[in-house]
Amino acid sequence: MKKSQAVLLPLFFLIYFHPQAAYSQAASKPRMNCLIDGISPGERMLDVGCHLTGLPAGKVALRFKDRYAGVDGLSDRIYSFRASDAAGNSLLPEIRDAGFYLLNISSGQMPIRLSYRIHLEKALDPSQYALCSSLGTEAGVLLISDLLPQICATDGDQCTSPQLGLRITPPNDWKTVTVERMTGDEFVIPEPDNAVFVIGKVREKVAATGATNLRVAIVGRWNFDDEEVFRLAGAVAREQASLMGSLEHGDYLLTLAPFPIPMTGLRSSGLAIGRSATLMLNSNDDPRQSFAHFRRHLPHEMFHFYLPNSFQIRENFDWFWEGFTRYIAMLTLLRLHQIDQQEFFDSIGADYESWFFNSVKTEISLLDASLGKFSSPAQNDLVYRKGALIAALYDLELRWQSKGAINLPIVIRRIYDRYGNRKDVLGNTELLGELGRAGKMDRFISDFISGVRDVPIMEMLKTYGLTLEWGPASRGRARIRKAEKISGRQRAFLQAEYGT
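To convert, note that position 424 of the sequence shown is 424 in our numbering; the numbers rise steadily by one, no gaps.
Keep in mind that the hints were calculated from the coordinates and are not lab data.
Hints may be right or wrong, so weigh each one.
Within a straight-line C-alpha distance of at most 30 Å, the following computed DSSO-like cross-link-like pairs (lysine-lysine) qualify [claimed, not checked]: (1) K462 - K485; (2) K440 - K482; (3) K122 - K201; (4) K440 - K485; (5) K440 - K423; (6) K423 - K29.
Working from the sequences, and respecting the hints, build out all of it.
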């Protein structure tokens, strides 16, 4: 945002005021009622107006999110910021740093009104578009956490989201989809940081799974049928609920949407926060390839409903909730017969290949790579690709040791039973302890998760009757196959565990 524009530009739309929602100035927690309108898909911008009550007199700090998941400069999208008091008099904000506004108010000036415009046309890396609010000609994905401010201590720390009531006026012929509840004519949002709203010409169905309802929303034109998406999403939801022994209940939202700008190549970007998952897809000319790409990505985002979204997290362990989830997603597709055994093993081979060429593979452990995930592509790649590879090898070893009695899904279910639904705080110490107790896995964990040992994949696969081909015979790709000479136990193991 240009500071010179922050207070000089005129107010460009009428601030929304909801008299029934106005709280007294002595309210125990600040209340904010907002309207998002003036949504222009062509110009990729929207207007926001808010009415704040229950603020303490004196200096009040408002902070807009400036950085999330490696996406920088989010607050630069805010233009024409203006604050005024109950009489309509302008309040000149002190701008401390990116997205941080300091207001000096008295009790007689309440309620406070805010208005600003958000420009969403900033170009991002394709992988980042699903990580923040976006708007294109076919759809908009609105993350309340980066559109509305939090109220903070005057030093900018200790920020909290106020109680929030929200109205959205979508463009003509568009509708709004969310899991948030509507009371009267506004959405009442208890956790703004987890609130997601999708706008567009939406086609949708609901898949009921136990005590949960998965609302599947499709926006945009695709070269595969909507019914394929609905069937796959429902099947994945049921399989993952069974795998986890789901204790979840209520409504969830899964959205398939196009990128907000034209893209080249087959690619996708996804985000799951709270009870909402969004997957952006850029298809190619081959419907089978397009749907296969979507199919591989879908269970990954959906598994985040469980891990980490249903947990109370103490620290970062992306190596597990991204890397191990990547493997669980492929295992889910195998169990659903959406992929065959060779495609499943090929995915493990591809993750090994990625690890093999990673420039920091013997310098940075999975634990440390999680902390520096957004500092370099190499560390980000370790989190996802080495994380998935180690998950696969851990699963193989656990199945082998236990003769099929225990596997990685069982261990994850145990973790969910103990820590899910925010029962206890979960961090690396607890997680590594659970993984270690499942079998004789302490050395495995110290070598490949806490440590940086090379992965001797040929030696490891040989134990299970598998081998790795990587050369002309495998067309230059690392491919895992059943070995030509295997023992009776190995043959029975592979047949029982993977159907090969």
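Evaluation of the provided hints:
1. The straight-line distance between the Cα atoms of K462 and K485 is roughly 10 Å, inside the 30 Å bound, and the hint therefore holds.
2. Under the criterion of a C-alpha separation no larger than 30 Å, the hint pairing K440 with K482 is consistent with the structure, at around 25 Å.
3. Simply put, K122 and K201 have alpha-carbon atoms about 23 Å apart, close enough for the 30 Å limit, and the pair holds.
4. Among the hinted pairs, K440 with K485 is consistent with the structure: their alpha-carbon atoms are about 27 Å apart, no more than 30 Å.
5. Taking the CA atoms of K440 and K423, the gap is about 27 Å. The hint holds against a cut of 30 Å.
6. Among the hinted pairs, K423 with K29 is consistent with the structure: their alpha-carbon atoms are about 26 Å apart, no more than 30 Å.
The structure agrees with every numbered hint stated previously.
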